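A.B. asks: Given next are the chains, with one letter for each unit.
2 protein chains.
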Amino acid sequence: MSGATTPAQTTEDDITSEVLQRIQGTPDPRTREIMLSLVTHLHAFVKDVRLTEAEWFEGITFLTDTGQKCNSVRQEFILLSDTLGVSMVVDLIGHRRPAGVTESTVFGPFHRDGAPELANGESMATTDFNGTRAVISGRVLNPSGTPIANALLDVWQANSDGLYDAQLPNHDTLRMRGKYRTDKDGRFVVVTSRPVAYEIPKDGPVGRMLAATNRQAWRPAHVHFVVAADGYEPVTTHLFDAADPRLKAGGDAVFGVKESLVVPFREHVAADTAAAKGAKVNGPFVSVEYDFVLKPVG
Amino acid sequence: MSGATTPAQTTEDDITSEVLQRIQGTPDPRTREIMLSLVTHLHAFVKDVRLTEAEWFEGITFLTDTGQKCNSVRQEFILLSDTLGVSMVVDLIGHRRPAGVTESTVFGPFHRDGAPELANGESMATTDFNGTRAVISGRVLNPSGTPIANALLDVWQANSDGLYDAQLPNHDTLRMRGKYRTDKDGRFVVVTSRPVAYEIPKDGPVGRMLAATNRQAWRPAHVHFVVAADGYEPVTTHLFDAADPRLKAGGDAVFGVKESLVVPFREHVAADTAAAKGAKVNGPFVSVEYDFVLKPVG
Numbered sequence: 001m002s003g004a005t006t007p008a009q010t011t012e013d014d015i016t017s018e019v020l021q022r023i024q025g026t027p028d029p030r031t032r033e034i035m036l037s038l039v040t041h042l043h044a045f046v047k048d049v050r051l052t053e054a055e056w057f058e059g060i061t062f063l064t065d066t067g068q069k070c071n072s073v074r075q076e077f078i079l080l081s082d083t084l085g086v087s088m089v090v091d092l093i094g095h096r097r098p099a100g101v102t103e104s105t106v107f108g109p110f111h112r113d114g115a116p117e118l119a120n121g122e123s124m125a126t127t128d129f130n131g132t133r134a135v136i137s138g139r140v141l142n143p144s145g146t147p148i149a150n151a152l153l154d155v156w157q158a159n160s161d162g163l164y165d166a167q168l169p170n171h172d173t174l175r176m177r178g179k180y181r182t183d184k185d186g187r188f189v190v191v192t193s194r195p196v197a198y199e200i201p202k203d204g205p206v207g208r209m210l211a212a213t214n215r216q217a218w219r220p221a222h223v224h225f226v227v228a229a230d231g232y233e234p235v236t237t238h239l240f241d242a243a244d245p246r247l248k249a250g251g252d253a254v255f256g257v258k259e260s261l262v263v264p265f266r267e268h269v270a271a272d273t274a275a276a277k278g279a280k281v282n283g284p285f286v287s288v289e290y291d292f293v294l295k296p297v298g
Numbered sequence: 001m002s003g004a005t006t007p008a009q010t011t012e013d014d015i016t017s018e019v020l021q022r023i024q025g026t027p028d029p030r031t032r033e034i035m036l037s038l039v040t041h042l043h044a045f046v047k048d049v050r051l052t053e054a055e056w057f058e059g060i061t062f063l064t065d066t067g068q069k070c071n072s073v074r075q076e077f078i079l080l081s082d083t084l085g086v087s088m089v090v091d092l093i094g095h096r097r098p099a100g101v102t103e104s105t106v107f108g109p110f111h112r113d114g115a116p117e118l119a120n121g122e123s124m125a126t127t128d129f130n131g132t133r134a135v136i137s138g139r140v141l142n143p144s145g146t147p148i149a150n151a152l153l154d155v156w157q158a159n160s161d162g163l164y165d166a167q168l169p170n171h172d173t174l175r176m177r178g179k180y181r182t183d184k185d186g187r188f189v190v191v192t193s194r195p196v197a198y199e200i201p202k203d204g205p206v207g208r209m210l211a212a213t214n215r216q217a218w219r220p221a222h223v224h225f226v227v228a229a230d231g232y233e234p235v236t237t238h239l240f241d242a243a244d245p246r247l248k249a250g251g252d253a254v255f256g257v258k259e260s261l262v263v264p265f266r267e268h269v270a271a272d273t274a275a276a277k278g279a280k281v282n283g284p285f286v287s288v289e290y291d292f293v294l295k296p297v298g
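Chains F and S supply the protein sequences, listed in that same order. Take the first sequence: its position 26, counting from 1, is numbered 26 in this note's numbering, and each next residue is one higher. Take the second sequence: its position 5, counting from 1, is numbered 5 in this note's numbering, and each next residue is one higher.
Some hints here could point you the wrong way.
Which copy is meant is left open, so a pair is good if it fits within one copy or across any two.
30 Å max Cα-Cα, derived DSBU-like pairs, lysine-lysine [stated by the list, open to error]: (1) K295 x K184; (2) K248 x K47; (3) K280 x K179.
Read the hints as simulated data drawn from the structure, not as lab findings. Small disclaimer: the values here were computed from a predicted structure and weren't measured.
Construct the complete structure from the given sequences, taking the supplied hints into account.
C.D. replies: Here it is, written out as structure tokens:
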């Protein structure tokens, strides 16, 4: 046998050349660019470590298990991307924001569509009986400091046991989620529970990877936000509780912490009308003041 | 915020450094080596192509779909590895055989345990009514040419419609599979159907990838073998039908062809006792003579 299509494939580099040559026929230039780079790096990895057949099969099993662990309320491949730092690399490549604009961080695997629209001052934590109330208020601004009216804040977080609704029994029910809109002065008032640190799900392939690499699974306490307004780039981000010792003890399992997103949670031992910003909170609570700054489109 | 565990992660390279630093704590040295290389190449790929969030999400969806397509009779991640050339790179790294020893090729996603043990000359294609009979005979030898008695040949292939048993209705039934043992002279006689070229399964994520890269899905006609004997390295390989025009027209979708595995299938228009090697074949059939040469362990 001979001929261009069936060369004497005697080395692994011949295989790499042949794969790259066939991918050259990809019609879409961006798909071609991505596939050529993917195959180049994937083959280089296999060659660098001289991957054995047994290790290859372990990899096949790991990826298969990861896919099979996904369902309507769990996304194990996003969790894998997060824990390998890939999500944050994508985030940082895509969001070079000018100083002063709110920084982004990981989206995570727990966002769900369909959160209820709530009025400012209404609680999204009505099912979380054990949590300390938290009032997170502030404005959405453009980079010049002008308030943006009618901006949408899609907010979600784990409950005070460190579990998202998708991890609870009866997981079809949406909990600890709400959509808030800024008023004419760009103001919002989110009422929720004070977030707690939690471990990401460890009962799947990602947990096996973390155990094999001797890594901890904790995420420091945070609340998730996607803040969007017409004419501005939406920002996917968190606010972290500066008082959480896990910020320093071992870091974030998904590498999501940025200094500008770590904010003080002020503690109030009793009713404090000024801090409550009109929300109905009785007894001890915490408050956060934070202004989100969005970058105009284009 | 400051400190080693929560640096001001302002660039994607900071993330890569932080991930690599955490993986340094992996207790098993080989796992550490593999994980460090994997993260390095994975991050380099994302940075090289400046992967967007939308493209990242497309990748997450692709990998999830690939995992969910796997079941007891289908292994879409092996098919993905095969079609990206990864399986052949692993094969070539792992099997540097001296000249004269039978070369290996892809295992593929269609092997199944539990094939029936058949006597030499017995047919493994009794359910394949439309196929041309094929008698594949020869010896299993050591590199000096000494026959190896009681070697095991685990043989499987697609039927004459180009489908494996796992792709047929009632796919729990094993078909087109057999285990043969060499006699005291190292001889075997496999009776099967002449293999046909077929397209690998295109109804899943791998099919989407092949379509996006404008690649064909054909594999040239072949029979699968795993040949094993005590004291020798087993070989996972194919025999390809040299007469198949698909060997030259577009090549093998999984890059498995090696010159030494392409063999002539002799055509016999009527009964030919010498070529049949004692097997009961009536009318037209094809015959192949091939000696497998195994490398001693160590």
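A.B. asks: Hint by hint, note whether the structure agrees.
C.D. replies: Hint by hint, here is what the structure shows:
1. K295 x K184: Result: close within a single copy only, 19 Å intra versus 80 Å inter.
2. K248 x K47: Answer is between: at 28 Å across copies they meet the 30 Å cutoff, but 37 Å inside does not.
3. K280 x K179: within (18 Å within a copy, 76 Å between copies)
Against the hints set out earlier in the document, no violation occurs for any number.
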